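Engineer: Okay, here's what each chain looks like letter by letter:
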Amino acid sequence: MTYGNPATPSSGTVRRSGVAGGPQTANLADILERVLDKGLVIAGDIRVNLLDIELLTIKLRLVIASLDTARQVGINWWESDPWLNAQAADRAVEKSRDQQELEDENRQLRSRIEALESGEGNGGTRGD
Amino acid sequence: MTESPCAWIYAIADEAAPVFTGGPIGVGGGAARPLSAAGLTAIVGSVAQSEFGEAALRQNLEDLDWLERTARAHHEVIETVAKERPVVPMRLATVYSSDEAAAAMLRKRADDLRQALTRITGRSEWGVKGHVAEPDDSAAGRQPETGDSASGPGAAYLRRRRAQLAARQDARQEAVVGAQAVHAELSRLSASARVYPPQSPEIAGSAGVMILNAAYLVADEWAEEFGATVTELAARHRALQLTLTGPWPAYSFVGQDGTEAAR
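So the sequence lines, in the order shown, correspond to chains U and W.
Offset between the first sequence (1-based) and our numbering: plus 20.
Offset between the second sequence (1-based) and our numbering: plus 11.
Bound-form chain W, shown alone (with noise of 0.2 Å):
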């Protein structure tokens, strides 16, 4: 079997692509290179059959280390050129048996490609995340008792943690409202947004229960108003712990659904 590189493709650009003064090191340990066909240019990377061919890949993409690695030198690379210009994103694992083949999709693409290009330029994707902020579980125990010296320890023991269940029941509620009352709002000033299912807090490393995920799509002249409203949003609903991440590249927008948000 004959060891020629395959391609990833890291992402599509306009054709004024950078040419890369050393490139960003990528998956593999390669450096990103622009590949050019039918006036678009793909940010390629040369990777080794024996760790990215099908079957590889395949076990490869089932060991989380490896997983962790490739994910972040795909998005390292993603990034780095879209500071430069709009950029496509592609999926993990977009691989070609060749440079040829992989112009050859270019050509094949090159309409979606470009409209997904118009999509996402001058706009940024954003990051909300709104975790429930858990009540003080000892507040709640230390209401005022009144006259309970009668009814007993365990009857004032009962009293306690109705009412801390109570108060960490009504604090999700409150969060729950909160988060749709945020959604709504940070919607109105994007072009496009999507809902997420939230993440679970062992990969998320984060602690309390998640209850919004979402991205935005927002007109970069209106970043800055965007991340003032998530302040200000977080100041109006205590019940929540708003987080903010981005800019990223648009991600979450050149999809198959992302056709249906183009605006």
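Extracted from the complex, chain U is given alone in its bound form (with noise of 0.2 Å):
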């Protein structure tokens, strides 16, 4: 195995980001997850908590968002996170959300529909 040779394109939908393509082409968040939450933690003498840093600007950012996105699939199955683990009671909650909207949706839309034949029905008288 060569670091050096960009992997080779593959045919199918498996998309290639390349990062023996060069570090530009490579996704900043692949990177920031890297070197932010992994690689061997040794604590310098200069000593910076990344974890302060971490869940002000990256965890936030890395993480956080994409909870909303995890439960609307419905899935938290990475969940070797306790912390993520916490959340999975509101997941039933997120999962039906789309059903609920789609329910109200449906009952304005029904008495829309409802108003406007009816609406229709008195039209010649209305308009005179």
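Calculated directly from the structure, the hints in this document are not laboratory data.
The structure displayed is predicted, hence computed values, not measured ones.
We put the beta carbon where it would ideally sit given N, CA and C, even for glycine.
Watch out, some of these pointers could steer you wrong.
[Stated by the list, open to error] What follows is a list of derived Cβ distance ranges for each label pair:
id	chain 1	residue 1	chain 2	residue 2	range
1	U	V61	W	E145	34 to 40 Å
2	W	A42	U	D65	19 to 25 Å
3	W	A167	U	R35	33 to 39 Å
4	U	V61	W	S198	21 to 27 Å
[To be verified] Partial selection, computed: residues in chain W whose CB lies under 8 Å from chain U:
id	residue
5	L68
6	V99
7	P100
8	A104
9	A112
10	G138
11	G163
12	L255
13	Y262
[Stated by the list, open to error] Computed footprint of chain W on chain U; a stretch qualifies when at least three of its residues, placed anywhere within it, have a C-beta under 8 Å from a C-beta of chain W:
id	stretch
14	52-65
15	123-132
Reconstruct the complex from the two isolated chains, following the hints.
Structural biologist: Encoded structure:
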């Protein structure tokens, strides 16, 4: 395996996003995720608590924003993270949101149609 | 206050680490260089206290532009060295007040570091992300409408809307099942695997809902097979848009959890 060779583009629906192709082509999120969340942690004697920073900026952007999406989809099966796990209870609520939305819209539209159709029936008399 | 430079550590390699000629340019514009102790070599760079000292660092890390520059520079050096030999990548902002302090850390942590090196030698990290391939709303809306002229355009709209939402729901369901299957299969080809929360679309710069964000530690001789399997899986799970990234230095497999993943 050589890092220098870009991964061969493959047919089908797999996207390849270059790492070997050069750092500029690697997605910023992928890099941040790795250099901030992973990598060996050894506290230098110049200490900055990355967790503070992470919570304020990165974690918020990388993780929390996507929790909503995750719940919309109705899964959080990467739930090894206990913090994410705690959100599981909300899941059912979120899951039914689409359905609720549809029902509300449905109800509103039905009454609107009724109003319009009955309005149409009276149209001749009202117009005069 | 004296302005002696600090030592920024990129990664740890074995003893025979390369002596850079000119060195890759790293964080803060300085060249990366080897620093050896205890039979190990740290890849370090000199950085200014004014930018990378404790207070400055804390402030700078909150600046997303600075963070991006620094993260890319850090990654670039690690990647350059990883082309040559196995390296244990360090988390961003591992900074020592001097070369001596960094060397002392190498001596103190030599056993851990050697273990981590062994774990990742001959292996690379591959990233696989899966997005829901959202169905085409208009396609769902174009379903045959049978005898609806009697029930009026309002009812027809409702039916179309219902079909759209149902199609979207089905697609997501299918994608979730697909993501689990993909992860199970790729894990079998890997020495170790990690699943992460999905990235938010804003920072990932991607459209659509991410439901799989995983990293796999794959033996280099299996890399081709791994890539081929991803392609195959993508063809089998159409509800999922898969993205393969890599090879990466083994960022995800040297951290604290990495010990348990050793195999």
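Engineer: Under 8 Å is the threshold here; is the Cβ of W/G138 close enough to any Cβ of chain U for the hint to stand?
Structural biologist: holds, 6 Å
Engineer: For the stretch 52-65 of chain U, count the residues whose Cβ lies under 8 Å from any Cβ of chain W; is that count three or more?
Structural biologist: Result for this restraint: holds, n = 14.
Engineer: The hint names W/A104 as touching chain U; please verify it with the least Cβ-Cβ distance against 8 Å.
Structural biologist: holds, 6 Å
Engineer: Against chain U, with CB atoms and a cut of 8 Å, does the hint on W/G163 hold up?
Structural biologist: holds, 7 Å
Engineer: Would you say the stretch 123-132 of chain U counts as covered by chain W, given the rule of at least 3 residues with C-beta under 8 Å?
Structural biologist: Our answer is that it holds, as 5 residues pass the Cβ test (under 8 Å) against chain W, meeting three.
Engineer: Taking the CB of U/V61 and the CB of W/E145, does the distance hold inside 34 to 40 Å?
Structural biologist: holds, 38 Å
Engineer: So the hint says 19 to 25 Å: do the beta-carbon atoms of W/A42 and U/D65 match that?
Structural biologist: holds, 22 Å
Engineer: With a cut-off of 8 Å on the beta carbons, see whether W/V99 makes it to chain U.
Structural biologist: Nearest chain U Cβ about 5 Å off; hint holds.
Engineer: Under 8 Å, Cβ to Cβ, is where W/L68 needs to be relative to chain U, so tell me if that hint holds or is violated.
Structural biologist: OK, holds: W/L68 within 8 Å of chain U, min 5 Å.
Engineer: With 33 to 39 Å as the target window, see if W/A167 and U/R35 comply at their CB atoms.
Structural biologist: holds, 37 Å
Engineer: Are W/A112 and chain U close enough, Cβ to Cβ, to be under 8 Å, as the hint says?
Structural biologist: holds, 5 Å
Engineer: Hold the hint about W/L255 up to the distance rule: shortest CB distance to chain U must be less than 8 Å.
Structural biologist: Cβ of W/L255 sits 5 Å from chain U, so the hint holds.
Checked against the numbered hints given earlier, the structure satisfies every one of them.
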